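Novice: Order-wise, the sequence lines are chains A and B.
Under this note's numbering, think of the first position of the first sequence as 454, with each following residue one higher.
Under this note's numbering, think of the first position of the second sequence as 454, with each following residue one higher.
Keep in mind that the hints were calculated from the coordinates and are not lab data.
Heads up, some of the hints might be wrong.
Copies of one chain are not kept apart here, so a pair can be met inside one copy or by any two copies together.
[Unchecked claim] Okay, derived cross-link-like pairs now, BS3-like style, lysine-lysine, Cα gap no bigger than 30 Å in a straight line:
no.: 1; residue 1: Lys603; residue 2: Lys723
no.: 2; residue 1: Lys723; residue 2: Lys774
no.: 3; residue 1: Lys471; residue 2: Lys458
no.: 4; residue 1: Lys603; residue 2: Lys774
Remember, it's a predicted structure, so these values are computed and weren't measured experimentally.
There are 2 protein chains.
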Amino acid sequence: MTEKKIRLGIIGYGNLGKGAVLAIRQNPDLALTGIFTRRDPSTIDASSPVYAVSELERFRDAIDVCLLCGGSARDLDRQGPDAVRHFHTVDSFDTHARIPAYYETMDAAARASGHLALISVGWDPGLFSLIRLFEEAVLPVGDTVTFWGKGVSQGHSDAIRQIPGVAAAVQYTIPLDDAIDRVRQGDTLSSRERHRRDCFVVLEDGADAESITQRIVTMPHYFSDYDTTVTFVSREELAARHSGMPHGGRVMRRGQTTPGTHQSIDFSLKLDSNPEFTASILVAAARAVHRMATGGQTGAITLFDVPPGYLSARSAEDLRKSLL
Amino acid sequence: MTEKKIRLGIIGYGNLGKGAVLAIRQNPDLALTGIFTRRDPSTIDASSPVYAVSELERFRDAIDVCLLCGGSARDLDRQGPDAVRHFHTVDSFDTHARIPAYYETMDAAARASGHLALISVGWDPGLFSLIRLFEEAVLPVGDTVTFWGKGVSQGHSDAIRQIPGVAAAVQYTIPLDDAIDRVRQGDTLSSRERHRRDCFVVLEDGADAESITQRIVTMPHYFSDYDTTVTFVSREELAARHSGMPHGGRVMRRGQTTPGTHQSIDFSLKLDSNPEFTASILVAAARAVHRMATGGQTGAITLFDVPPGYLSARSAEDLRKSLL
Numbered sequence: 454m455t456e457k458k459i460r461l462g463i464i465g466y467g468n469l470g471k472g473a474v475l476a477i478r479q480n481p482d483l484a485l486t487g488i489f490t491r492r493d494p495s496t497i498d499a500s501s502p503v504y505a506v507s508e509l510e511r512f513r514d515a516i517d518v519c520l521l522c523g524g525s526a527r528d529l530d531r532q533g534p535d536a537v538r539h540f541h542t543v544d545s546f547d548t549h550a551r552i553p554a555y556y557e558t559m560d561a562a563a564r565a566s567g568h569l570a571l572i573s574v575g576w577d578p579g580l581f582s583l584i585r586l587f588e589e590a591v592l593p594v595g596d597t598v599t600f601w602g603k604g605v606s607q608g609h610s611d612a613i614r615q616i617p618g619v620a621a622a623v624q625y626t627i628p629l630d631d632a633i634d635r636v637r638q639g640d641t642l643s644s645r646e647r648h649r650r651d652c653f654v655v656l657e658d659g660a661d662a663e664s665i666t667q668r669i670v671t672m673p674h675y676f677s678d679y680d681t682t683v684t685f686v687s688r689e690e691l692a693a694r695h696s697g698m699p700h701g702g703r704v705m706r707r708g709q710t711t712p713g714t715h716q717s718i719d720f721s722l723k724l725d726s727n728p729e730f731t732a733s734i735l736v737a738a739a740r741a742v743h744r745m746a747t748g749g750q751t752g753a754i755t756l757f758d759v760p761p762g763y764l765s766a767r768s769a770e771d772l773r774k775s776l777l
Numbered sequence: 454m455t456e457k458k459i460r461l462g463i464i465g466y467g468n469l470g471k472g473a474v475l476a477i478r479q480n481p482d483l484a485l486t487g488i489f490t491r492r493d494p495s496t497i498d499a500s501s502p503v504y505a506v507s508e509l510e511r512f513r514d515a516i517d518v519c520l521l522c523g524g525s526a527r528d529l530d531r532q533g534p535d536a537v538r539h540f541h542t543v544d545s546f547d548t549h550a551r552i553p554a555y556y557e558t559m560d561a562a563a564r565a566s567g568h569l570a571l572i573s574v575g576w577d578p579g580l581f582s583l584i585r586l587f588e589e590a591v592l593p594v595g596d597t598v599t600f601w602g603k604g605v606s607q608g609h610s611d612a613i614r615q616i617p618g619v620a621a622a623v624q625y626t627i628p629l630d631d632a633i634d635r636v637r638q639g640d641t642l643s644s645r646e647r648h649r650r651d652c653f654v655v656l657e658d659g660a661d662a663e664s665i666t667q668r669i670v671t672m673p674h675y676f677s678d679y680d681t682t683v684t685f686v687s688r689e690e691l692a693a694r695h696s697g698m699p700h701g702g703r704v705m706r707r708g709q710t711t712p713g714t715h716q717s718i719d720f721s722l723k724l725d726s727n728p729e730f731t732a733s734i735l736v737a738a739a740r741a742v743h744r745m746a747t748g749g750q751t752g753a754i755t756l757f758d759v760p761p762g763y764l765s766a767r768s769a770e771d772l773r774k775s776l777l
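Pulled out of the complex, with its shape left as it was, chain A reads as follows (with noise of 0.2 Å):
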């Protein structure tokens, strides 16, 4: 590799900018200038260099692209538009409902700014979403469903972690029984017949239970249209029993070319860690945007919008010699 490498900046430092440290190092290319927190500096052990996001504007000829590594149901609203004003960047807002009008505000930023904002990166929205997009392309008649888990969804716990009294909390979505196999045999079913959401909370000191699995379980696009379970639980017990942070999932289409001619697309993931796999698909995506920024591109886009061979270290050429 003669080329420079692409110099990245990390903004947050939780589970996914974690995540992304490990996924920089797996890339030759790809060089980590910096993490960036709203925390001490010096209160965080890393083996990168760690500055106050308040720091960040002076590093703006040193960072080919930021890695904007906050949760959406919190951060992604400030931090994305604050960010892309001096930088291009990647993010993973996975609020999919609110995925319309986050791309409107990223756009006008990114445009007005001149910069390229890659947003909702990661594997649902993400890599899940290229799946869809596939499958429906190539068999427009057929039903498309995807699966959760079994597994931790950081956006879901992070909702819950929102809301006042929580101190600590930990979602897991759940595939129901028999519901894929359902499926294969072509029957369509909703989201809240495929799944169930089970949630452990640590309550802080006087908070109150009942009131807390209401807001829990009436809230809007995270849980409302779903089967969830509350059960509260100390902070040892979340730790010792609830630390793992496995995921997986399952985007099916069962189509038909002609009346009675089916065609069947499965797609499935198994992760061991669900934020090292989500930072690693940013991390790529980082790639491209420095590609398509390089090439005089601005504004918002997503993963629809980038030619796949631009999140490959490769080269075209190679590309079509060794994967094609």
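Following the hints, put chain B in place on chain A, whose structure we already have.
Specialist: Structure of chain B alone, referenced to chain A:
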């Protein structure tokens, strides 16, 4: 849909061309101008207009994109460069080892005439290639393994049929027992260790079975690297027992984001009709070619160069809202 329909021409009316007619009917934004054949058009029974391929050039203003439905072992080396002199094209060139040379030929011809040529579209090369790229880009440390079958390979059947003395042939690619499970456990197996190839061949009168068997099993790229069996059958038996065209396959990657943290991606197809499914991909690809060519792009490209959203009939805004 208020936009004008995209007008397609089909060159070659074998299994793939017939599948393309069916696929176009499933897409309301696409229209079929005509089928072009080297045979006498009056001998072809199709519900759409059929013309001699020699008439193609006079349809320059009536066709937006030509679907090249010949086989790569025989037709596309000529059909591709000929067609792209006058039209934007999509083809399914599938001899993996010869793709770089075919790309160069098509790129030069397309640039010279100011057209766009999307080559090697289908499911392998095609959808499987895209999955291999995504898998490797997001999990750079790991191994990707492709399985094909059980199913009829059009390209391999076609290659056998080119041998003098062969009247008809069908080739099945068959994944070997237990190989999928071994790959799931982390083994890497060669293509030869994962599959065998079974050929059913009808001889022409007076043809020599032994020499034809040798021609098949030693054929480079197609058979020489595989355990291949050749069974000679009557024309009647081939028609009765080997006329279906099911297929399928699987692309798996098992990677690690940190040592011991495994992340697995699994993409699989189960197809009642290989040519109808392949044709459905070509038809979606033609939509992308029309959009990219309208934007001024020329030369040869592959699916690695196509922003995925261009494959879909939905608008970018609708895609973000509905599929992201």
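Novice: Look at each hint and say if it fits the structure.
Specialist: Now the hints, each set against the structure:
| no. | hint | verdict |
| --- | --- | --- |
| 1 | Lys603 / Lys723 | both (9 Å within a copy, 25 Å between copies) |
| 2 | Lys723 / Lys774 | both (29 Å within a copy, 26 Å between copies) |
| 3 | Lys471 / Lys458 | within (20 Å within a copy, 49 Å between copies) |
| 4 | Lys603 / Lys774 | between (37 Å within a copy, 25 Å between copies) |
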